[in-house]
Amino acid sequence: MKHLPLLLALLPAWALGAEPAPLPPVGQLTTPGWRYEEVRRYAAPEAGQGVAVDREFFYAINNHTIARYRKDSGARVGLWEGGARGEIIHLNAGLIVGDRLYAVHSNYPGVPMLSSLEIFDPATLRHQGSHSFGRMDGSFTWLDRRGDRWIACFVHYDGKGAEPGRTNLWTQILAFDDAWRRTAGWALPPALLARFGARGYSASGGAFGPGGHLYLTGHDNPELYVLDFPAAGSVLRWIATIPFPSEGQAFAWDPAQPDHLFSILRRSREVIVGRVVMPR
Numbered sequence: 050m051k052h053l054p055l056l057l058a059l060l061p062a063w064a065l066g067a068e069p070a071p072l073p074p075v076g077q078l079t080t081p082g083w084r085y086e087e088v089r090r091y092a093a094p095e096a097g098q099g100v101a102v103d104r105e106f107f108y109a110i111n112n113h114t115i116a117r118y119r120k121d122s123g124a125r126v127g128l129w130e131g132g133a134r135g136e137i138i139h140l141n142a143g144l145i146v147g148d149r150l151y152a153v154h155s156n157y158p159g160v161p162m163l164s165s166l167e168i169f170d171p172a173t174l175r176h177q178g179s180h181s182f183g184r185m186d187g188s189f190t191w192l193d194r195r196g197d198r199w200i201a202c203f204v205h206y207d208g209k210g211a212e213p214g215r216t217n218l219w220t221q222i223l224a225f226d227d228a229w230r231r232t233a234g235w236a237l238p239p240a241l242l243a244r245f246g247a248r249g250y251s252a253s254g255g256a257f258g259p260g261g262h263l264y265l266t267g268h269d270n271p272e273l274y275v276l277d278f279p280a281a282g283s284v285l286r287w288i289a290t291i292p293f294p295s296e297g298q299a300f301a302w303d304p305a306q307p308d309h310l311f312s313i314l315r316r317s318r319e320v321i322v323g324r325v326v327m328p329r
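The sequence shown runs 50 to 329 under my numbering.
In short, the hints are calculated from the structure, not lab data. Check before you lean on any hint, since a few could be wrong.
[To be verified] Simulated restraints on C-beta separations:
{"hint": "1", "residue 1": "280", "residue 2": "232", "range": "12 to 22 Å"}
{"hint": "2", "residue 1": "326", "residue 2": "134", "range": "39 to 49 Å"}
{"hint": "3", "residue 1": "277", "residue 2": "231", "range": "13 to 23 Å"}
{"hint": "4", "residue 1": "161", "residue 2": "123", "range": "19 to 29 Å"}
{"hint": "5", "residue 1": "180", "residue 2": "326", "range": "32 to 42 Å"}
{"hint": "6", "residue 1": "149", "residue 2": "233", "range": "21 to 31 Å"}
{"hint": "7", "residue 1": "209", "residue 2": "305", "range": "31 to 41 Å"}
{"hint": "8", "residue 1": "214", "residue 2": "123", "range": "44 to 54 Å"}
{"hint": "9", "residue 1": "168", "residue 2": "105", "range": "13 to 23 Å"}
{"hint": "10", "residue 1": "214", "residue 2": "240", "range": "18 to 28 Å"}
All residues carry an ideal CB built from backbone N, CA and C; glycine is no exception.
Please model the entire structure based on the sequences and the hints provided.
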């Protein structure tokens, strides 16, 4: 037993019954080598839920409103309004793929949860179509394209909008083919869900960005989270945290400048552009 002290010293804290060291307060958790540099801001009254972006324009998204703005001048050049009593209840995020604007939609805070993908012409903002997921295990919050697959997030909540017997730990990220058949699925790390889900919310934004990593935001934390897919198992790996000025919500990477991130600050109704710098 003479080696017992050495063995105990090598054991992780959880194996000894110790609590893990607390993380720094929200907005103060940093990862060496990663940083965010703000570039500019645009006033956008519709910036309540998220933003999408293409090479010349960005699209400010609210519950049932989408506005098109020029990137060079910040001038609004288009507006779609679904109306508070229309079929569109809660737009969450947007994604430009080719000549389509895909808008993520749910019936939040309605229960049972219902989700759909609404399709718009980005040039005219005319509604072109819809794919209904109907009743899913979770509420649809964001979508991205990776290779030949769609990657989508369906979240659960702890409070408002929660379904019986579910918490935000039931949030899942799913892969679909072009026929919207599920091909894979993953869970988020519980520690990450605890960090951005303190008020009962979950992952409000997500997209693949620099380095091929998956970047996530919560609902209200001024932090951008960097994740990788696991080599084995089903839980994503949380590898970095970057403080930034936006307080959660959906964001988009600029296809014209792939290290530039468009995000929103809902309390000031602004779209913020910044550059994400990775470790060398």
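task = Tell me, in ascending order, the numbers of any earlier hints that this structure violates.
result = Number 4 - this is the single hint that the structure violates.
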